[in-house]
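Since chain A is already given, all that's left is putting chain E on it; use the hints.
First to last, the sequence lines map onto chains A and E.
Taking the working numbering as reference, the numbering of the first sequence is continuous, increasing by one, and the terminal residue is 115.
Taking the working numbering as reference, the numbering of the second sequence is continuous, increasing by one, and the terminal residue is 1110.
Hints may be right or wrong, so weigh each one.
[What the hints assert, rightly or not] Covered by chain E, according to a simulated footprint, are these stretches of chain A (three or more residues, beta-carbon under 8 Å): (1) 29–42; (2) 106–114.
[To be verified] Below, computed lysine to aspartate or glutamate pairings styled on DMTMM-like, alpha-carbon distance capped at 20 Å: (3) A:K7 with A:D87; (4) E:K1097 with A:E54; (5) A:K7 with E:D1039.
[Claimed, not checked] To give a feel for the contact side, a few chain A residues facing chain E, derived at Cβ under 10 Å: (6) I4; (7) L45; (8) T48; (9) I90; (10) S94.
Simulated from the structure, these hints should not be mistaken for lab results.
No residue lacks a Cβ here, since even glycine has one placed at the ideal position from N, Cα and C.
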Amino acid sequence: SAVISQKPSRDICQRGTSLTIQCQVDSQVTMMFWYRQQPGQSLTLIATANQGSEATYESGFVIDKFPISRPNLTFSTLTVSNMSPEDSSIYLCSVERPGLNTEAFFGQGTRLTVV
Amino acid sequence: EDQVTQSPEALRLQEGESSSLNCSYTVSGLRGLFWYRQDPGKGPEFLFTLYSAGEEKEKERLKATLTKKESFLHITAPKPEDSATYLCAVPSGGYQKVTFGIGTKLQVIP
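With the rest of the complex left out, here is chain A (with noise of 0.2 Å):
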């Protein structure tokens, strides 16, 4: 299994500002994944990053407000941008299940609250 790294583990932030999480795999993959999991909610797919292309968002998602970067295949960021009260909650990496009914790896999550 993979080895994520996510920073920051945690943050407050002010309202209007924005803030770039960091997710590191200790090996090469394709396919990255960030997910949000607001209190006492599932885990919501926000978009899946490849090294080399735009980002594919979900519904209810959009670039401006969740830009993402994949300058490589063992890294990506999310930027949370102009941050309101709601998006208070943990946003998870995660990377590529190496078949198509296996299991998916995670990072330890950062958990957001915006002020």
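Okay, now just chain E, sitting in the frame of chain A:
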């Protein structure tokens, strides 16, 4: 649309009191079902993958089973360290998409 429903949302057990968590799913063609454990402030930790109805997998005090419509996570003689949120998930939609349930928050009291 693929759906995963977990029950109960919260469960409080005495140490040693066995119980089961439920995960019911609606997917167009099951390609597997995953169970994860999530501790507060951490990402989900993979536990099991089940691929077909009738399959069972065990790990320490946990046993996961699968039918055509639901999965159960049985916890035998739980200990306080088993306290966590248990998440169920299925591959759905596109090649790599995974749909998660809301989870069951388990608390085991000494």
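Hints, one by one, checked against the model:
1. A stretch counts as covered by a chain when three or more of its residues have a beta carbon under 8 Å from one of that chain; for the stretch 29–42 of chain A and chain E the count is 5, and the coverage holds.
2. Chain E is given as covering the stretch 106–114 of chain A, and this holds because 5 residues of the stretch bring a CB closer than 8 Å to a CB of that chain, at least three being needed.
3. Distance check on the hinted pair: K7 of chain A and D87 of chain A sit about 17 Å apart at the alpha-carbon level, within 20 Å; holds.
4. For the hint linking K1097 of chain E to E54 of chain A, the alpha-carbon distance of about 17 Å falls within 20 Å, and the restraint holds.
5. Using a Cα cut-off of 20 Å, the hinted pair K7 of chain A and D1039 of chain E holds, with the two alpha carbons roughly 18 Å apart.
6. Hint on I4 of chain A holds. Least Cβ distance to chain E is approximately 8 Å, under the 10 Å limit.
7. Contact between L45 of chain A and chain E, as hinted, is supported at the beta carbon level, the nearest pair being about 6 Å apart and thus within 10 Å.
8. Taking 10 Å as the C-beta contact cut-off toward chain E, the hint placing T48 of chain A at the interface holds, the least distance being around 7 Å.
9. The interface hint given for I90 of chain A is met, as the beta carbon of that residue sits about 8 Å from the closest beta carbon of chain E, less than 10 Å.
10. For S94 of chain A, the suggested interface contact is upheld, since its CB lies about 8 Å from the closest CB of chain E, less than 10 Å.
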